[in-house]
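Asker: Chain by chain, the residues:
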Amino acid sequence: MIDDSLTQLPKKRFKIINLIWLIVLIAGLFISINVTNTHISVLFENFSQFSDIFVQMANPDWSYFPTVIPLLLETIKMAVLGTIIGSALAFVYSLLIARNIIKNKLVTGVLRFIMNIIRTIPDLLLGAIFVAIVGIGPVAGILALSVFTFGVVVKLFYEAIETIDPGPIEALTAVGANKLQIICFAILPQVMTYFISYSLYAFEINVRASTVLGYIGAGGIGLYLQQTLQVFDYAKTGTIILVIIVVVVLIDYISSKSREALMK
Amino acid sequence: MDTTMKELPSKPVNKKARLIHWLIALVTIAIVVWSCTGINFGGIKATAGQIAGAIFSGIFHPDWSYVYNGSGEDLISQLWQTLCIAFLGTFISAIISLPFAFWAAHTKHKKWYTSRIGKIVLAIIRSFPEIVLALMFIKAVGPGSAAGVLALGFHSVGMLAKLFSEAIENLEDGPNDAIRAVGGSKIHVIMFSILPNLMPALISNTLYRFDVSVRSASILGLVGAGGIGYPLIIALQYRQWNRVGVILLGIIAMVVVIDWISGMIRKKLV
Numbered sequence: 001m002i003d004d005s006l007t008q009l010p011k012k013r014f015k016i017i018n019l020i021w022l023i024v025l026i027a028g029l030f031i032s033i034n035v036t037n038t039h040i041s042v043l044f045e046n047f048s049q050f051s052d053i054f055v056q057m058a059n060p061d062w063s064y065f066p067t068v069i070p071l072l073l074e075t076i077k078m079a080v081l082g083t084i085i086g087s088a089l090a091f092v093y094s095l096l097i098a099r100n101i102i103k104n105k106l107v108t109g110v111l112r113f114i115m116n117i118i119r120t121i122p123d124l125l126l127g128a129i130f131v132a133i134v135g136i137g138p139v140a141g142i143l144a145l146s147v148f149t150f151g152v153v154v155k156l157f158y159e160a161i162e163t164i165d166p167g168p169i170e171a172l173t174a175v176g177a178n179k180l181q182i183i184c185f186a187i188l189p190q191v192m193t194y195f196i197s198y199s200l201y202a203f204e205i206n207v208r209a210s211t212v213l214g215y216i217g218a219g220g221i222g223l224y225l226q227q228t229l230q231v232f233d234y235a236k237t238g239t240i241i242l243v244i245i246v247v248v249v250l251i252d253y254i255s256s257k258s259r260e261a262l263m264k
Numbered sequence: 001m002d003t004t005m006k007e008l009p010s011k012p013v014n015k016k017a018r019l020i021h022w023l024i025a026l027v028t029i030a031i032v033v034w035s036c037t038g039i040n041f042g043g044i045k046a047t048a049g050q051i052a053g054a055i056f057s058g059i060f061h062p063d064w065s066y067v068y069n070g071s072g073e074d075l076i077s078q079l080w081q082t083l084c085i086a087f088l089g090t091f092i093s094a095i096i097s098l099p100f101a102f103w104a105a106h107t108k109h110k111k112w113y114t115s116r117i118g119k120i121v122l123a124i125i126r127s128f129p130e131i132v133l134a135l136m137f138i139k140a141v142g143p144g145s146a147a148g149v150l151a152l153g154f155h156s157v158g159m160l161a162k163l164f165s166e167a168i169e170n171l172e173d174g175p176n177d178a179i180r181a182v183g184g185s186k187i188h189v190i191m192f193s194i195l196p197n198l199m200p201a202l203i204s205n206t207l208y209r210f211d212v213s214v215r216s217a218s219i220l221g222l223v224g225a226g227g228i229g230y231p232l233i234i235a236l237q238y239r240q241w242n243r244v245g246v247i248l249l250g251i252i253a254m255v256v257v258i259d260w261i262s263g264m265i266r267k268k269l270v
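Taken in sequence, the protein lines are chains W and H. Note that full-length UniProt numbering gives residue 10 to position 10 of the first sequence, counting from 1, and the numbers run on in steps of one. Note that full-length UniProt numbering gives residue 251 to position 251 of the second sequence, counting from 1, and the numbers run on in steps of one.
What the hints contain is simulated information worked out from the structure, not anything from laboratory work. It should be emphasised that the depicted structure is a prediction, and the values quoted were computed from it without experimental measurement. Treat the hints with care, since some could be wrong.
[Said to hold, decoys possible] No more than 27 Å apart at the CA atoms, straight line, and that leaves these computed lysine-lysine pairs for DSSO-like:
id : chain 1 : residue 1 : chain 2 : residue 2
1  : H       : K119      : W       : K257
2  : H       : K111      : W       : K257
3  : H       : K6        : W       : K264
4  : W       : K155      : H       : K268
5  : H       : K110      : H       : K186
6  : W       : K103      : W       : K179
7  : H       : K15       : W       : K257
8  : H       : K108      : H       : K186
9  : W       : K155      : W       : K264
10 : H       : K11       : W       : K264
11 : W       : K155      : W       : K105
12 : H       : K110      : W       : K257
13 : W       : K15       : H       : K110
14 : H       : K108      : H       : K119
15 : H       : K16       : W       : K264
The following block holds chain W by itself, in its conformation from the complex (with noise of 0.2 Å):
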């Protein structure tokens, strides 16, 4: 006979720090519930109008299509500029906010203290506020990429700097070589093909985000996206969505292709 206690399975020990989390957890839910006044019903209710659209936008307008070429000839010119500018920026950047480079640790710290802040601002927000600065026009959707670009390439990049093998550095540093040729001989040969993949990473980002600035005025295609969605021409709006969707989706394709070559 079998022992009944072998054909139970052994009992969890019981942790109160999980119960705490799903207490959180729970109340987390009914408070955003409450605040953001969300109540699946309402969906439900209108769901005949939302998916109106949605039928709408799948039946696209194609004659639309040669209008919305320039736009979007525009809109990847602007995440193509807004990564090199922001790469470029987020190169050097990296270099002097790097431990095993500069080693004074208050120069880094202030550094790392302004990227982090500059980190935190989504890449609309960017958007709306370079259009309050420089106007409505593409030269807004390139800054608000470059400083998002600058954002995401240093945090990876100087990252990447840090774990390098510290032998040749120390090779370098033993027959008096100066700050200069320790990076250009040690560092680089080490970290440039991270950087390439980091920085077409960005691209992709920026050709997602760089659909939908126009949104708010800052060049692109998105203006025809707002345009059309304010005259309530889904089967227009639809057209530019596919478009979206196919360039971002080819150019995600080309790029991680050429990064996982990279990397091999």
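Chain H: place on chain W using the hints.
Answerer: Same frame as chain W, now just chain H:
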């Protein structure tokens, strides 16, 4: 002295690799040059420097009276609303993401095209602009934070389910086989092997997505879907730079605190 000692030996040259590198560099430069054409850099407002200065000084002289005045339209309550939008949106998307993740995960016991189709669906969800989704929900449930919650909830699925499915793909088969070997059913395998092993990754990814959602929630207000974005765009339009300053400070503080807390929890999990 022998001068040859001072020179480094020349590097070995791989002609084909070098050619490819040059080609890539040329194409990149060509793309960058093409990008510079046709963009009107002269269109910058003459007052740009002045406004930038005003915003900058606004950050250092924030409009403190806006922080809290009990009206429900102040900074604290708007930030709180933003947080709630992000929380609920992430919660909804985490639930929707689970089935999608199992669909898109490429595992042994599945035909390759099933997971490929799942991955494509997720890529399409990811690429659907969040703002358009928010506007569609505004049509359905009216302007306000509910639209923001729903937009975030559906949009985040694209990214979250992708992260989840990667976690599923990284699971080891050992525990599953062990349970099957002692006669466990499919439900037992999920209950005692897959879920316990998957849980840390799921929680960590969801927390990460919450960080991102907080940022997203603070911009959804730009189109009227609730949160701090709306007062910000109004302040920008009415040129109340001190208010812009205080809102920016509020957003930065909120994001930093949330990042810090979720970073701590995630560190404990791994």
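Asker: If a hint holds in the structure, say so; if it doesn't, say that too.
Answerer: Hint by hint, here is what the structure shows:
1. K119/H to K257/W: 16 Å, holds
2. K111/H to K257/W: Answer holds: K111/H to K257/W is near 23 Å, not above 27 Å.
3. K6/H to K264/W: The hint is violated at about 34 Å.
4. K155/W to K268/H: 22 Å, holds
5. K110/H to K186/H: Between K110/H and K186/H the Cα gap is close to 15 Å, so the pair holds against 27 Å.
6. K103/W to K179/W: 12 Å, holds
7. K15/H to K257/W: At roughly 23 Å apart (the allowed maximum being 27 Å), K257/W and K15/H satisfy the hint.
8. K108/H to K186/H: Roughly 15 Å separates the two Cα atoms, so the pair holds.
9. K155/W to K264/W: 22 Å, holds
10. K11/H to K264/W: 21 Å, holds
11. K155/W to K105/W: Between K155/W and K105/W the Cα gap is close to 17 Å, so the pair holds against 27 Å.
12. K110/H to K257/W: Within the cut-off at roughly 24 Å; holds.
13. K15/W to K110/H: 37 Å, violated
14. K108/H to K119/H: 16 Å, holds
15. K16/H to K264/W: Roughly 17 Å between the alpha carbons, so the hint for K16/H and K264/W holds.
In the structure shown, a violation is registered for the earlier hints numbered 3, 13, in ascending order.
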